[in-house]
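> One-letter residues, chain by chain:
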Amino acid sequence: MAVSATLRLDGVGFSYGAEAALRDVSFEVAAGERVALLGRNGAGKTTLVRLVAGLLHPDAGTVWVGGWDTGERAPEELARRVGSLFQHADQQLFARTVREDVGFGPRALGFPVHEVRRRTEEALDALALHAHAEQHPYDLPPALRKLAALAGALALEPMVLVLDEPTGGLDRGLRAHVADALREHAERGAALLVVTHDLAFAAETLDRGIVLDGGRLACDEPLAPLLGSAERLKPLGLVPPTVAALSVALDLSGRPVRERDAAHALARVAGGGPGL
Amino acid sequence: MTRLALEEVTFWYPATRAPALREVSLEVAAGEIVALVGKVGAGASTLLLVAADLAPRVTGGRLAGAVRRRARSGIVLPTPWTQLSGMAFTVWDEVAFGPANLGWPGHEIARHVDHALERLEIVSLAARDPITLSGGELQRVIVAGLLAMDPDLVLLDEPTAELDPAGARSMWRLLRLLAGEGKAIVVATSELDAVPDVADRVVWLEAGAVRAIGTPQLLAEDAACDDGLGTTVARIWRAAGLAPPYPLTVADAVQRWP
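Chains as they are written, first to last, in the working numbering: chain E, 1 to 276; chain B, 1 to 258.
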């Protein structure tokens with residue numbers, strides 16, 4: 001596993017001045033894995049995203065991306081392997097149109113024109129951004145600006161996608177587009193590490209949960225049972241998503257955490273056929 | 001008492017043909033929480049900017065219709081990090097920036113700032129430099145800065161977007177408390193499952209126009225579910241083929257369950 005891990009953190013620590021943000025964090029994410037990075041505000045999630053993207057270098061330990069020590073690589077070199085979405089995605093947008101911005105990464109990596117075009121159009125398609133492709137990114141609402149920055153990360157078709165709150169402010173339809181796009185990239189072999197407070201989105205899209213608390217790794221396990229346990233989530237500043245709460249409250253079999261599974265379970269108990 | 005009244009408001013951003021709001025009429029009373037829901041781009045953020053007197057005054061553009069405010073308003077944008085004053089080196093000073101600009105005496109400023117920090121549960125952050133805060137911490141600081149000015153009309157755009165789930169619950173509880181004190185609150189949110197316990201009324205916006213106004217029960221109706229605006233419980237109930245009316249919340253579902 002250690003050899004095949006696409007992303008590996010070995011005893012990683014980081015401090016802002018005297019304030020420790022991460023302490024001795026170790027985990028691995030294999031190709032195709034879909035991992036949620038969870039935790040209360042200030043737990044260290046955003047710092048970890050910056051470390052994986054190579055914007056910060058660890059004070060202790062090492063972040064490995066496919067065998068590269070991120071501390072020894074410049075962010076622009078790392079962009080060949082890591083696609084990032086930062087919390088304040090506005091800072092990632094600078095081109096005059098959404099299309100130009102999405103294509104910037106592949107262009108900067110030196111791909112030929114037809115390949116840049118393919119990646120750009122696919123990313124725009126995946127996130128339903130074609131209608132906005134010729135708009136200036138700053139003419140879009142904040143939620144769509146974030147989506148444009150995400151499209152830019154997807155267009156890199158990277159080995160690792162590390163995303164900080166990709167769904168904030170998105171409506172359900174756009175969230176579903178993000179979920180589909182992430183699943184597809186994972187199927188193609190990308191390792192996903194997604195910071196999110198949107199536990200409903202996490203439940204639908206991701207299947208392993210890593211929780212940080214006070215800068216330390218508090219747990220690393222399959223996501224569904226974790227999201228179903230209010231007792232375990234509470235001390236971590238988390239609350240079960242609605243589907244998990246409904247499953248527990250109605251004692252649905254298998255304790256589903258995804259909408260579709262809950263509807264099936266409900267239909268079975270009610271004796272009707274699910275209208276799915 | 002009406003704190004905000006929009007009468008047939010249509011608004012165009014500069015250099016755009018299609019209006020971002022179309023003939024929107026809405027009254028918000030003291031003590032009331034109104035939730036704005038809709039797809040991205042439906043006009044909720046624009047409605048808040050108009051209510052805050054930022055559109056067209058700051059954004060530019062053109063407004064038709066009438067906006068009446070009988071209150072001092074404050075707004076929290078969906079990008080709270082753009083609302084930092086840039087003039088403060090501690091959270092306490094950041095929260096004091098608004099009240100200081102209102103020309104209040106020092107002891108009044110201190111009282112309001114301390115109270116706001118307590119309400120947002122960020123007293124422990126008072127001495128921190130705002131630029132070192134996490135997204136969720138910053139979102140609380142900006143809301144505290146708004147409350148420290150004691151506005152009668154509170155306008156919030158996705159106020160829980162950066163908060164962890166426990167923090168989001170605290171924020172929604174705080175809004176109910178503020179409404180109980182007589183503040184009028186308008187909140188745009190994509191967190192539909194929170195709406196039934198928080199909002200008195202729901203305004204469903206579609207392509208800049210009001211599609212429906214009603215109680216939160218609106219979010220359990222077929223039309224809302226079709227448009228992705230049903231609550232999770234309503235959607236599951238419906239997808240399971242169970243008969244309407246669909247329950248809105250887990251608590252409703254438990255009552256309905258045999």
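To be clear, the hints were calculated from the coordinates, so they are not data collected in a lab. A hint or two may mislead.
To be verified - Simulated crosslink set (SDA-like; lysine to any residue; CA at most 20 Å straight-line): (1) B:Lys-39 x E:Pro-112; (2) B:Lys-39 x E:Glu-221; (3) B:Lys-39 x E:Gly-173; (4) B:Lys-39 x B:Arg-201; (5) B:Lys-39 x E:Leu-140; (6) E:Lys-234 x B:Glu-206; (7) B:Lys-39 x B:Ser-85; (8) B:Lys-39 x E:Ala-224; (9) B:Lys-39 x E:Ala-131; (10) E:Lys-234 x E:Glu-221; (11) B:Lys-39 x E:His-177; (12) B:Lys-39 x E:Ala-74; (13) E:Lys-234 x B:Ala-166; (14) B:Lys-39 x B:Arg-211; (15) B:Lys-39 x B:Leu-26; (16) B:Lys-39 x E:His-57; (17) B:Lys-39 x E:Val-269; (18) B:Lys-39 x E:Asp-125; (19) E:Lys-234 x E:Ala-224; (20) B:Lys-39 x E:Ala-179; (21) B:Lys-39 x E:Gln-135; (22) B:Lys-39 x E:Tyr-138; (23) B:Lys-39 x B:Gly-214; (24) B:Lys-39 x E:Lys-234; (25) B:Lys-39 x B:Ala-179; (26) B:Lys-39 x B:Ala-166; (27) B:Lys-39 x E:Val-116; (28) B:Lys-39 x E:Ala-133; (29) B:Lys-39 x B:Arg-57; (30) B:Lys-39 x E:Arg-175.
> Next, verify each hint and record whether it holds.
So, going through the hints one by one against the coordinates:
| no. | hint | in the structure |
| --- | --- | --- |
| 1 | B:Lys-39 x E:Pro-112 | violated, 37 Å |
| 2 | B:Lys-39 x E:Glu-221 | violated, 34 Å |
| 3 | B:Lys-39 x E:Gly-173 | holds, 8 Å |
| 4 | B:Lys-39 x B:Arg-201 | holds, 18 Å |
| 5 | B:Lys-39 x E:Leu-140 | holds, 14 Å |
| 6 | E:Lys-234 x B:Glu-206 | violated, 37 Å |
| 7 | B:Lys-39 x B:Ser-85 | violated, 31 Å |
| 8 | B:Lys-39 x E:Ala-224 | violated, 28 Å |
| 9 | B:Lys-39 x E:Ala-131 | holds, 15 Å |
| 10 | E:Lys-234 x E:Glu-221 | holds, 16 Å |
| 11 | B:Lys-39 x E:His-177 | holds, 14 Å |
| 12 | B:Lys-39 x E:Ala-74 | violated, 39 Å |
| 13 | E:Lys-234 x B:Ala-166 | holds, 8 Å |
| 14 | B:Lys-39 x B:Arg-211 | holds, 12 Å |
| 15 | B:Lys-39 x B:Leu-26 | holds, 19 Å |
| 16 | B:Lys-39 x E:His-57 | violated, 39 Å |
| 17 | B:Lys-39 x E:Val-269 | violated, 33 Å |
| 18 | B:Lys-39 x E:Asp-125 | holds, 18 Å |
| 19 | E:Lys-234 x E:Ala-224 | holds, 16 Å |
| 20 | B:Lys-39 x E:Ala-179 | holds, 17 Å |
| 21 | B:Lys-39 x E:Gln-135 | holds, 19 Å |
| 22 | B:Lys-39 x E:Tyr-138 | holds, 19 Å |
| 23 | B:Lys-39 x B:Gly-214 | holds, 17 Å |
| 24 | B:Lys-39 x E:Lys-234 | violated, 31 Å |
| 25 | B:Lys-39 x B:Ala-179 | violated, 26 Å |
| 26 | B:Lys-39 x B:Ala-166 | violated, 25 Å |
| 27 | B:Lys-39 x E:Val-116 | violated, 31 Å |
| 28 | B:Lys-39 x E:Ala-133 | holds, 19 Å |
| 29 | B:Lys-39 x B:Arg-57 | violated, 25 Å |
| 30 | B:Lys-39 x E:Arg-175 | holds, 11 Å |
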